[in-house]
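K.L.:
With the hints as your guide, set chains B and C onto chain A.
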Amino acid sequence: MNFIKIVIKYILRLISYRSVQKADRFFNILYTHWVKYSFASFGGNSYLERGLRLWNAKFISIGQRVFIRRMGNLSAWDEYMGQQFQPKIEIGDGCSIGEFFNMSCTNSIVLGQNVLIGRWVTLIDHAHGGNGEEELEIPPAERNLVSKGGIVIEDNVWIGDKVTICANVYIHRGAVIGANSVVTKDVAAHTVVAGCPARIIKTALK
Amino acid sequence: MNFIKIVIKYILRLISYRSVQKADRFFNILYTHWVKYSFASFGGNSYLERGLRLWNAKFISIGQRVFIRRMGNLSAWDEYMGQQFQPKIEIGDGCSIGEFFNMSCTNSIVLGQNVLIGRWVTLIDHAHGGNGEEELEIPPAERNLVSKGGIVIEDNVWIGDKVTICANVYIHRGAVIGANSVVTKDVAAHTVVAGCPARIIKTALK
Amino acid sequence: MNFIKIVIKYILRLISYRSVQKADRFFNILYTHWVKYSFASFGGNSYLERGLRLWNAKFISIGQRVFIRRMGNLSAWDEYMGQQFQPKIEIGDGCSIGEFFNMSCTNSIVLGQNVLIGRWVTLIDHAHGGNGEEELEIPPAERNLVSKGGIVIEDNVWIGDKVTICANVYIHRGAVIGANSVVTKDVAAHTVVAGCPARIIKTALK
Numbered sequence: 027m028n029f030i031k032i033v034i035k036y037i038l039r040l041i042s043y044r045s046v047q048k049a050d051r052f053f054n055i056l057y058t059h060w061v062k063y064s065f066a067s068f069g070g071n072s073y074l075e076r077g078l079r080l081w082n083a084k085f086i087s088i089g090q091r092v093f094i095r096r097m098g099n100l101s102a103w104d105e106y107m108g109q110q111f112q113p114k115i116e117i118g119d120g121c122s123i124g125e126f127f128n129m130s131c132t133n134s135i136v137l138g139q140n141v142l143i144g145r146w147v148t149l150i151d152h153a154h155g156g157n158g159e160e161e162l163e164i165p166p167a168e169r170n171l172v173s174k175g176g177i178v179i180e181d182n183v184w185i186g187d188k189v190t191i192c193a194n195v196y197i198h199r200g201a202v203i204g205a206n207s208v209v210t211k212d213v214a215a216h217t218v219v220a221g222c223p224a225r226i227i228k229t230a231l232k
Numbered sequence: 027m028n029f030i031k032i033v034i035k036y037i038l039r040l041i042s043y044r045s046v047q048k049a050d051r052f053f054n055i056l057y058t059h060w061v062k063y064s065f066a067s068f069g070g071n072s073y074l075e076r077g078l079r080l081w082n083a084k085f086i087s088i089g090q091r092v093f094i095r096r097m098g099n100l101s102a103w104d105e106y107m108g109q110q111f112q113p114k115i116e117i118g119d120g121c122s123i124g125e126f127f128n129m130s131c132t133n134s135i136v137l138g139q140n141v142l143i144g145r146w147v148t149l150i151d152h153a154h155g156g157n158g159e160e161e162l163e164i165p166p167a168e169r170n171l172v173s174k175g176g177i178v179i180e181d182n183v184w185i186g187d188k189v190t191i192c193a194n195v196y197i198h199r200g201a202v203i204g205a206n207s208v209v210t211k212d213v214a215a216h217t218v219v220a221g222c223p224a225r226i227i228k229t230a231l232k
Numbered sequence: 027m028n029f030i031k032i033v034i035k036y037i038l039r040l041i042s043y044r045s046v047q048k049a050d051r052f053f054n055i056l057y058t059h060w061v062k063y064s065f066a067s068f069g070g071n072s073y074l075e076r077g078l079r080l081w082n083a084k085f086i087s088i089g090q091r092v093f094i095r096r097m098g099n100l101s102a103w104d105e106y107m108g109q110q111f112q113p114k115i116e117i118g119d120g121c122s123i124g125e126f127f128n129m130s131c132t133n134s135i136v137l138g139q140n141v142l143i144g145r146w147v148t149l150i151d152h153a154h155g156g157n158g159e160e161e162l163e164i165p166p167a168e169r170n171l172v173s174k175g176g177i178v179i180e181d182n183v184w185i186g187d188k189v190t191i192c193a194n195v196y197i198h199r200g201a202v203i204g205a206n207s208v209v210t211k212d213v214a215a216h217t218v219v220a221g222c223p224a225r226i227i228k229t230a231l232k
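Protein chains in written order, with this note's numbering: chain A, 27 to 232; chain B, 27 to 232; chain C, 27 to 232.
Relax, there's no trap hidden among the hints.
Because identical chains share one entry, a pair is satisfied inside a single copy or across any pair of copies.
Think about it this way: if two alpha-carbon atoms lie no more than 16 Å apart in a straight line, the pair counts; the simulated EDC-like pairs of lysine to aspartate or glutamate are:
| hint | residue 1 | residue 2 |
| --- | --- | --- |
| 1 | LYS228 | GLU159 |
| 2 | LYS228 | ASP212 |
| 3 | LYS211 | GLU180 |
| 4 | LYS228 | GLU160 |
| 5 | LYS228 | GLU161 |
Hints listed in this document are in silico derivations from the structure and should not be mistaken for laboratory results.
The following block holds chain A by itself, in its conformation from the complex:
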């Protein structure tokens, strides 16, 4: 018994967690090569992790050196309950999107270059219906999808964990969005915002 235990111990030590994570990376590369032809465009050295929920990849463009982590949701809706849409998702070169994100589009979501996004981030450019009393008596999933406007995130923006970006928001270059923020309004360049709803915390020193 002791002998078997020692043998098992040594085998386990031989196969380190690092080598298994590398193997996992290999399967992610295979996954990327399989899925990439479905996209509108897919740049070189971009990399998707498995566990992605993908919907209508033909409306989604991925730049070069993009890194999209596991278990996200990437959906472009051209049709919902009889409504027709022309969605467009563009993810620029060098963007990195953290695990467990939720990006859902009926209008347009455009990310510039080198945007860094944390975990559990929501980017949705539409809502289930308006706020009239009659509409609020309809089951939310059966209300019309309404987009107040698309989302634009310019170059070098850094978005923290658990941020939610609402429709009709333009985030200018170099902005920083603090963790757990809800961004409902445009954010100026080189500005740090945080809170729920997000307010200006700091403006960059010139």
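P.N.:
For chains B and C alone, coordinates are given in the frame of chain A:
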């Protein structure tokens, strides 16, 4: 080598990501049929995705056409560290619960019909102990579970991503809960609330 | 056909979801025994769930009876883009960390005993660069990692779901951090804080 590459490419294109997601749906249906007999009741055309953490399904009733997405936690506690409870979770017809939710009950959580819930939503009707200084010196996991009251969510409520609903909260019909909100008080019908803690943003026009 | 249906039904009922979850626990124990030798130290009866993203376990110490749930990210960075760090993560006896957490360290993260942490909690002791205008023109992932200070969480602290703990924060014993909070400042002992940013809600009665 080139020939093999081309063959692989064509096989990959043949098996699209959509067909694999459909296959995944098939396994989810199998999973649903396997688990459903454990529930107190389980309506027709309801559908659970895999990755669910389920505890004491015998205290949980699921209506018809309910859609519960992957990787959630659905727990009803009848016993915790020697304490006894009579939990009750009821999920009404047509409800849809997003991925990665956390629903934990020692008292009662009741969802009406057609409630739409986003991702990463927490519904917990109990807390680990009170706020007395002596109690706060006990390890939180060993404090008594205390419920200030159950959670009721009426028909047609729409709950955004990353919302937390606290104990003793009654959300009336047609309310909308903004993303990242923490709901600590009752919400009136046809009202939009948001923030941390949640405050009224809009009341429906009549 | 009916006969086959009945047979399948009975087989499904025989293998309950509980027994499968127990089997899953067994695989988690195997996983723990495989990974534990990579850590700086790993106490008895501690338990890791699979789906963990682990980086540089040699800088991480785990106490006894620690329970770390699935799908988290546990990273200690000794090197990033040419910068050198001496990270240190210490998790005390009896700590419990919920699913989907994100703990990332270049400086020091120290948890005392019996800390209870909810789901989707972020603990990061560093940031991507400062807030100077020139720096904000650099891609965030290429900015230098800066730590304003380590994170210390003392004994018996209870942290709710979706909390974010920022750098240079000291949370004293027996504190309670409400769900969805962003903790940017030190928290006194036996104090309840909540909000975004977190503010004092209650101080324990003596």
